[in-house]
Structure formats: structure tokens, C-alpha cells
Amino acid sequence: MNALPPPASDRAASPRSRASGASPRAIYHRLRAGEPAPEDLAGEPALEAAAPDGIEAFFAALTALRDEDERCGAPGDEGEGPARVLLGYAPTALLDGCWLAAAVRVRHADGALGAACLDAFYLECGEGDPARHHGALYGAALAAAGLALPDLASPAFERSVCLADADFALAIPGLRAAQRGTARLPEALGHHAAATVLGPPAAVRRAASRARCDGLYFAEHAEGAETARRARDLARRCLEAHAAGGAPDWPRVWRGAWSLWAARRAWLASLRPAAAPSAWEAMLALVEEKARHAFGFHGRVRLDGQALDDALDPARLDARGILLRLARSRWIVPGRPDESPLVTRSVQFGGPMFGVFTDVEVDVMRAWIRALIEAPEPPAALRATRGADERAGSPRVAHDEASIDGNRRGSTPRAQERAGLPLPELYHRLLCARGPGDVDSDAGELAQAHVEGVLREVHGEVTPARLAADGRWPWSAAGLSRWVDARLREQIFEEGHAHARSTAGPHAAPRPARDRAQPTDDAGIAREITRDEAIWLLTQLAPAAVIDGAWLQGATAPGAFHTPVAALLLRIYRDELGAGVPAQHHGNVLRRALAEQGVTLPPCDARAFIERPDLLPQAFSMPVLWLAFAQGSMALWPELLGLNLAIEMAGIGRGYAMAAALLRRHRIDPYFFDLHNTIDNAASGHTAWSIEAITRFMDACAAPGDALAIERATLRIWRGYAAYARASRPLVRAVAVRLGPRLGWRWLRRHLLGDTGR
Numbered sequence: 001m002n003a004l005p006p007p008a009s010d011r012a013a014s015p016r017s018r019a020s021g022a023s024p025r026a027i028y029h030r031l032r033a034g035e036p037a038p039e040d041l042a043g044e045p046a047l048e049a050a051a052p053d054g055i056e057a058f059f060a061a062l063t064a065l066r067d068e069d070e071r072c073g074a075p076g077d078e079g080e081g082p083a084r085v086l087l088g089y090a091p092t093a094l095l096d097g098c099w100l101a102a103a104v105r106v107r108h109a110d111g112a113l114g115a116a117c118l119d120a121f122y123l124e125c126g127e128g129d130p131a132r133h134h135g136a137l138y139g140a141a142l143a144a145a146g147l148a149l150p151d152l153a154s155p156a157f158e159r160s161v162c163l164a165d166a167d168f169a170l171a172i173p174g175l176r177a178a179q180r181g182t183a184r185l186p187e188a189l190g191h192h193a194a195a196t197v198l199g200p201p202a203a204v205r206r207a208a209s210r211a212r213c214d215g216l217y218f219a220e221h222a223e224g225a226e227t228a229r230r231a232r233d234l235a236r237r238c239l240e241a242h243a244a245g246g247a248p249d250w251p252r253v254w255r256g257a258w259s260l261w262a263a264r265r266a267w268l269a270s271l272r273p274a275a276a277p278s279a280w281e282a283m284l285a286l287v288e289e290k291a292r293h294a295f296g297f298h299g300r301v302r303l304d305g306q307a308l309d310d311a312l313d314p315a316r317l318d319a320r321g322i323l324l325r326l327a328r329s330r331w332i333v334p335g336r337p338d339e340s341p342l343v344t345r346s347v348q349f350g351g352p353m354f355g356v357f358t359d360v361e362v363d364v365m366r367a368w369i370r371a372l373i374e375a376p377e378p379p380a381a382l383r384a385t386r387g388a389d390e391r392a393g394s395p396r397v398a399h400d401e402a403s404i405d406g407n408r409r410g411s412t413p414r415a416q417e418r419a420g421l422p423l424p425e426l427y428h429r430l431l432c433a434r435g436p437g438d439v440d441s442d443a444g445e446l447a448q449a450h451v452e453g454v455l456r457e458v459h460g461e462v463t464p465a466r467l468a469a470d471g472r473w474p475w476s477a478a479g480l481s482r483w484v485d486a487r488l489r490e491q492i493f494e495e496g497h498a499h500a501r502s503t504a505g506p507h508a509a510p511r512p513a514r515d516r517a518q519p520t521d522d523a524g525i526a527r528e529i530t531r532d533e534a535i536w537l538l539t540q541l542a543p544a545a546v547i548d549g550a551w552l553q554g555a556t557a558p559g560a561f562h563t564p565v566a567a568l569l570l571r572i573y574r575d576e577l578g579a580g581v582p583a584q585h586h587g588n589v590l591r592r593a594l595a596e597q598g599v600t601l602p603p604c605d606a607r608a609f610i611e612r613p614d615l616l617p618q619a620f621s622m623p624v625l626w627l628a629f630a631q632g633s634m635a636l637w638p639e640l641l642g643l644n645l646a647i648e649m650a651g652i653g654r655g656y657a658m659a660a661a662l663l664r665r666h667r668i669d670p671y672f673f674d675l676h677n678t679i680d681n682a683a684s685g686h687t688a689w690s691i692e693a694i695t696r697f698m699d700a701c702a703a704p705g706d707a708l709a710i711e712r713a714t715l716r717i718w719r720g721y722a723a724y725a726r727a728s729r730p731l732v733r734a735v736a737v738r739l740g741p742r743l744g745w746r747w748l749r750r751h752l753l754g755d756t757g758r
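With the first letter of the sequence shown counted as 1, position 250 gets the number 250 in the working numbering; the numbers rise by one all the way through.
One should not assume that every hint holds.
Here are the simulated distance ranges between beta carbons [stated by the list, open to error]:
1. Ala702 with Arg232: 47 to 55 Å
2. Ala700 with Arg489: 27 to 35 Å
3. Pro422 with Ala700: 38 to 46 Å
4. Ala57 with Arg316: 31 to 39 Å
5. Ala367 with Pro155: 33 to 41 Å
6. Asp338 with Pro376: 15 to 23 Å
7. Tyr671 with Ser209: 46 to 54 Å
Hints were generated in silico from the structure; no laboratory data involved. Values in this document were obtained by computation on a predicted structure and should not be read as measured data. C-beta: ideal position from N, C-alpha, C; glycine also.
All chains, full assembly: derive it from the sequences and hints.
Quick look at the structure:
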């Protein structure tokens, strides 16, 4: 791979951004990691044209912008070359589609707009194929040009000297759209439509042609390409659904599109060769670069009676003041560097700063001394103190990852105080949060405290000894497949599976053949429960069903969705949400079944939903765990994989068959259960994808050869698996309390808890 020198011009953040202590690199890092980041102090870009009114006018305006982009020259052609342009676009291209992350959350995924956004996002992500994710395709284009960057997930990516601040600034509008939530959905739709119609900037496409790396990324974005046509059709479908929702806000949609266009113009301007810095600019930059290394070595050196170390203190660096005093000192003869002791003695062999400065840096000193005759002070534009402000904007990339055995960063006292929130209230808060990094509430802390509590409860249940007893330790891909197959056979053919799942815990081994119970009489169960009770039982599933897939919502976050493991989870997530068809949305399937029985549910994010008197508080136990996982998926990746496997396996076998038989007896639509018994299959459905996702994750853990890391990851996966059973129990017990007095505890133990009397 070719090494690329640092950008010749790294246009820094605006002074206002520097004053906030947040450079584009730092903001990019925080947004990509799902953390709160300061708003852009410069505000929204000024609109240079009135907002189009209506879809046709909107797309016509975007087409005009695309034509303007084509007519513009490619700054990289006349400046720093194709490598600089191609690398500079990477922070944006590698996260292609991220701006739709907020639009595909479960809160609003059951309608036409959510379905359209899900299809658009899925296309950007390669339709479940990680190799075809647009970010992966762009990475392949870079490789074809002999260029390389650190992995997107590593801290080194944001620190790369091959990237300028302006490169990160270009990606920020899209990342902000991903985090701002549904409150800024019109802007996100406008941003997506603009990205789709405009495609990669003409400068990037020309650079790719010059570098001879015209790969699949550029082919799929080319005018007339099938993928490009589908992407535009989906962008139009999103806006049509937005308009159909009533009172479309076209000015906000246009502002979202314009924010991308304005960011592109600023980025393209940054690619043009910058004017050579003045002597004062170069010398100020040199002082700022060296100050942190010089601090502590100049306590006895004085300038105008002040110790030089005081001025070099990084906390209050005064580079301009140092140079003004230095210019008047005995070390400098203005206009005559060959007579100035600073360069004739101090930095030469035998001097106190020998070896500190390179020859190029000494030339900077000489040029500054020569310039002091005509410019004894810095230009007015440079008279503000710099250095400390700019350094404050450098990314603070800290890997505060959860320890792999579950000992995570402790939740704050505030979250601990609120951990006692009723489950329905917690459900509402987590569902209505803007997503990972929500800055408007304590949703992240509440989610973390809840997950930690559940994982603590199962921590002692999942040990190497218990896992080894039923073939789940040590880790092997073949062993996982064998265990899942055995467990599913038990669930399909044996009554006792319900007991193993809901009372003995998920680590319980399949019983020997001689100890197997006889099949349950499904018709007998159906005869015991009345029609009203069947409707009531079905209603208790609503809090989970209407947000089916919520546990995987975090896989759409910009810091996660580009990985091969996330691609598999995204396939499952899309299916749970109806694969882009509202009628197939799992929550809508249940809603229809209940509506036919006279039970009409309000929107899941309405307070009226959690305040329904016919819903048990315990019905929110499982979906609260899902939503809590979604808030912290990146830190809980192994546990999420285990939880996902447990959920998908639970949909297969006699449990759902019994529920379907009960509903059929009372002429209630059973398709919600039939649907899961098919799509969750272990041959080519959700359970198979879940196994593959775990295998890929563990392969990555095994790559460095760290046996301890593999063992810890294995424990974390199975603790996530165990969390499913733990979250299921409250509702099972609450149902037993409700129906027990009439049906009898003995019947309930046998049929609802799977207790065969042994």
C-alpha cells in the first residue's frame, strides 16, 4: 500500500468551533460512537434558494445541483492529486446510509414511511451482504488505488494524518441526522434524497478515474445503473410517504438536502491548494507544535522578566506573546538571521536546543527573523491566541469498553435512583429516546442500569462447568450448531422444553431419551382456556410484538452497521419489521388479530398504550430488556448475540404451536405464531443467521490467538442468552396468578410452566 503524506492544507475548524473545544474529528468520533456531541455553533447553512414546494420541484432542484456539481472543476485535479481526494471522502463514504439510522427505529417502523426508510437503508447496507455495503465497496476502491486507512472502528482512524479536519466535517451532517431522532426526520429524508440524487461528488469520481480504481462502488452510483435507479425510487417513496402523512414540511426537507450540499462545497474548497503560510503563521504554528514538549525545560529562561515556562504552559499557551517578546530579545536581530543567536548558537551543536528542531524548522525561524523588518507584529487576523483552543478540539478517543466478563462501568447515582421505575414507564422512556447518545434524557443511564441488573442475576447461572455439562464449553462453531439442533428437537417433540426454558434456565441440558415426557395434548389446553382468556393472553404479547426486533435496533447505529456481524443482524431486524411491507410488520400482524376481536391498540409510543388497564405491568418486562440492549448495543455486542439467539430459538416448536392451536379453537387469527415458527427456522431463517453471526463474531475474537478473550466472549454470549429466560419469567408468573384460581395450580404447573411432576 502506498503511504500518503499529511494533507498539505488541513483547514481547521472555525474559531467558534475551536472555542467550543470540539474539532470536526472529535465531533465525528463522538457521533459515530453514539455519544452526545455539541451542536454546530455555526448553525444551519444559509439557504441560497427558496425551498421547493412538492416532490417534483424538490427532485428538480436536486437535479440542478447535480448538474452544477458536474460543471464544477475538480479541485483535486489541480491540487493535491487523486489520492488526497479519494482518502478525504472516506469518512463519509465508509458510513454511507448512516443518516437513515434514526428513521428505521422501531418506534415508527410500522407505517409506510418506516417501511420505505427501512428498504432505503437496507439497500445502502448491501441488502444483508456485508461485502456489498457501500462502505465496504468504497474501501475496496481505495485498496484498488493502493491506498489504505486504519480500520473505521479503531481510534487510529480519527487520528490519521492522511485525513484533514474538513474530511470529517463533510460526514457530520449525516451523522447528526442519524442521532437527532424522528424530531428531525424531514431533514434526514432531505439529506438522503440529496445523497441519492447527487451521488459521490464529481471530484471523487474523476479522482477514481485518474487513479484507475473505478470499482463497484462507482459503478453502482453511476447514472443509469440499476442500484442507483432503485435508490432514487426509494428516496422518492420515502418522501411520498412523508407527504401522505399530512402537512409535509418541505422547507425542512430542503434544509436537510442543503446541509449536505453546503458541506460538500466546503469540503471541495478545502481540496484546493492553500496559499503558503506567512512567516508569522509558520512561526506561530511551530511554537504551538513544540510548546508541550518544551514546557518544563525553560524555567530559568526569561523574556521581558517573565519565565518562559509560564508562557509555554499548555493550559494557557500564549504563542503570540512569546514571539513578540522573543523578537525584542537579545536572541534576535530583526532582518538578519545569520546574526541572531537563536539560530547561530541556541539550535546549533553545543547550544541548549541542539537536535530539537529539524532543518526545515530552522528555515522557518530564519524566514520569520527576515520578515521582522517589514512585519514586526503578526497580521491582525493572527492576533488572537491560538494553540490551546485548537488542541482542545483534538479527538479524545478513549476505549471505555465494557470488560468482557460483564463488569461494566457503573451507572450513575441518578440512574440508580430511577432504576425502580415501573416497567411500563421505563418502556415508554426507552422507546421514545432519540437513540444511542440521547442528550435529552437519562435513557442511556436507565438502559445501562437495567441491563446490568439483569446480567448480574444470571451471572452465577452461566459458568464454564454448567456450559460444559451440555456441550457449550469450550467454544466451537460445530458445538454450537449441535447444541442448537438438539435443543430445537426437544422444543419440537417434547413437552418439557417449556420447563427448561422458563424455570430451569437456558443452560439446562436436554434430558436423556428415557426421561422424556409424552407430547402435550394441545387440544386439551385449548379446551381449558376460554375465548376471553385467549384474547387477554394475546393482548399481553402486545408490548413486545409491536416493537418486535427492538433488541437489534442498535445494530443500525453508525458505529456498528457496517460490520459483517451487523449485516446478519440487520437481515433479521428487517424481517421483524416486515421487510419493507407494513402488512408484514410483526406488530401489525398482532394488531390486526386483536382488532378483529375488538381490541384496538394506540401507537406504541403513546402514553395511552402503557396506561391500558388490560395490560399487565409484567408484559413490559421482555420488551424493556430489548430496548435497554438497543441503547447500548456496541458495548454489549456478545450479550446481544446471545439474547438474539434465544429469542429466535423461542419461536420454534410446540410452544408457538400450542398458542396457535388455542387461537384456532376460538377462531382467532393465529398467524402471529405461525409466522415465527417458519421464519425463525434453523435451516435458512433467523436462527440460522443468529448462529452464523455468533460464529463470525467468535472467529474475529479468535484471530489474535487470545484464548482468554475467547473464553470471556463465550461467557458473555451465554449470559445474554440467559437474560431472555430471566426477562420472560415475570409475565409467566403473573399469568399464573391471574388464571390459577380458576384452572388450578396443578394444571398451570403442567401446561404453562412445563412441570411434569418430577
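Hints, verified against the model:
no.	hint	in the structure
1	Ala702 with Arg232: 47 to 55 Å	violated, 42 Å
2	Ala700 with Arg489: 27 to 35 Å	holds, 30 Å
3	Pro422 with Ala700: 38 to 46 Å	holds, 39 Å
4	Ala57 with Arg316: 31 to 39 Å	violated, 54 Å
5	Ala367 with Pro155: 33 to 41 Å	holds, 36 Å
6	Asp338 with Pro376: 15 to 23 Å	holds, 19 Å
7	Tyr671 with Ser209: 46 to 54 Å	holds, 52 Å
Checked against the numbered hints given earlier, the structure breaks hints 1, 4 and satisfies all the rest.
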